[in-house]
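Enquirer: Line order of the protein sequences matches chains A and B. Number 146 in the working numbering belongs to position 146 of the first sequence; there are no gaps in the numbering. Number 14 in the working numbering belongs to position 14 of the second sequence; there are no gaps in the numbering.
Keep in mind that the hints were calculated from the coordinates and are not lab data. Careful, some of the hints might be misleading.
[Stated by the list, open to error] Pair ranges (Cβ atoms, derived):
(1) A:ILE118 x B:ILE6: 17 to 27 Å
(2) A:SER129 x B:GLU136: 52 to 62 Å
(3) A:THR132 x B:GLY130: 28 to 38 Å
(4) A:VAL80 x B:LEU54: 24 to 34 Å
(5) B:GLY208 x A:PHE156: 17 to 27 Å
(6) A:TRP151 x B:GLY209: 51 to 61 Å
(7) A:PHE156 x B:ILE13: 35 to 45 Å
(8) A:ILE85 x B:GLY208: 41 to 51 Å
(9) B:GLY14 x A:ILE85: 43 to 53 Å
(10) B:SER150 x A:SER129: 48 to 58 Å
(11) A:TRP151 x B:GLU71: 48 to 58 Å
(12) A:TYR4 x B:GLY199: 35 to 45 Å
(13) B:GLU71 x A:VAL80: 52 to 62 Å
(14) B:GLY222 x A:ILE147: 31 to 41 Å
The C-beta atom is built at its ideal place from N, Cα and C for all residues, glycine as well.
The chain contents come next:
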Amino acid sequence: MSFYVALPLLLLLALVEAVVEPMFRIAGLQPNLVLALLTVWLIVRGQNEAFFLIPAGGLFLGLVDGAPLGTALIALAPLVLLQDIRGSQLTEGGLVMALIFVVIMTFAYHVTYLGVFILRGESGFGVISAATRVIIPTALLNCVAVIPLYWVVNMFSGELRRPGYI
Amino acid sequence: MTAGLILIALSGIGLTRPVENASYQLLSPLETLLRSLAEPIANVVTNYGDVKDLTAQNEQLRAENERLNSEIARLREDATQREQLERLLNVKNALKDQTFATGHIFARDPSNLRQVIAVDLGSNDGIKKGMPVVTEGNTLVGTVTRVEDSYSWVTLVTDVDSGVSALVQESRAQGVVSGGYNRRLSMEFVSQGSAVKEGDTVITSGLGGGYPAGLVIGKVTGVGGERQDIFRAVTVEPLASLSKLETVLIMTSFTPKKVVTP
């Protein structure tokens with residue numbers, strides 16, 4: 001799967017998040033497909049490509065969401081840190097690692113958003129109620145989204161497969 | 001990270017508006033295409049089989065019910081107001097002279113933390129920040145919180161950052177209706193002695209100048225709290241089906257007033 005496929009795919013997923021997913025929300029919540037794809041891409045394709053895709057994904061999400069442009073960019077930035085942690089590992093866990101990363105990233109992503117909202121003087125954003133009512137259920141939804149995305153990206157990235165991947 | 005911070009700062013002073021407007025122009029055909037492709041699937045999912053007709057009928061009845069409830073509430077409000085105003089001042093009903101712009105919802109904020117919708121009317125159409133947004137049945141939807149050239153973002157009443165001065169129509173108990181992460185409304189600061197019961201209608205009070213008085217918000221679905229509590233815990237169900245909205249009315253003639261403490 002070409003690296004250049006990822007850019008239009010990220011844009012499409014950002015649009016799907018804004019237009020299509022709200023029609024199919026579960027208990028008012030929806031998975032973050034851009035975050036899920038970036039996590040999977042990082043695990044399967046490695047850090048060189050993800051390094052360019054993370055800001056692109058953040059920009060695309062920023063263009064379709066109601067928060068100030070740049071918020072999604074910052075919210076996805078911790079993925080780069082996870083990338084560094086992953087880089088230091090000698091063996092990767094593939095799908096399991098993607099699931100762990102997406103859970104961590106869902107927390108980091110939402111906490112960053114909450115931080116930006118609070119810094120902008122918007123009130124009412126309780127961190128604990130956000131965690132129980134939004135972040136944990138969204139992390140579960142993102143885990144569900146990671147599984148097919150991992151399968152697709154992994155299938156089209158056969159040439160990069162190394163021992164240790166599921 | 002730095003780029004993100006710079007973009008947020010630029011967004012705060014409006015310098016990213018051209019980029020956001022251009023992206024809207026570029027992406028809106030794609031969004032329309034995606035919506036037209038997804039809507040039939042969404043309909044199949046929600047209205048499987050012959051239930052589709054029943055759902056349409058139900059939607060019609062719901063809209064009719066919403067309109068009638070709104071009408072009843074407005075008539076009740078008119079009567080109460082008339083009584084009060086006859087005694088005090090001869091002020092016109094705030095809602096009568098309002099003008100509206102019809103907007104179509106084309107996107108929703110993908111973040112699960114916010115309840116924000118994008119409407120295809122912007123500053124080019126005379127939309128300004130702070131304008132109240134209602135349904136066709138005059139039920140409160142939210143407020144315009146961000147305006148671009150050709151579209152705007154509306155924060156729904158169910159958003160966690162939303163707070164509307166409200167009163168219970170039957171008992172005239174006052175409070176503030178706030179949203180929450182559970183997409184439900186709660187009415188806060190309702191005094192313990194207030195006679196509030198399930199089924200009562202909650203309307204905007206007009207206090208604070210953010211909304212005109214008399215707009216229907218919803219129905220009381222629960223009243224709780226212990227005797228020793230200062231305030232009663234009142235839960236409110238929005239009258240409008242906010243997750244299924246397609247068209248909204250923006251109250252273009254209403255200018256929110258900024259109340260400054262004396």
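Enquirer: Looking back at the hints listed earlier, which ones does the structure fail to meet?
Expert: Result: hints 2, 4, 5, 9, 10 and 12 break, sorted rising.
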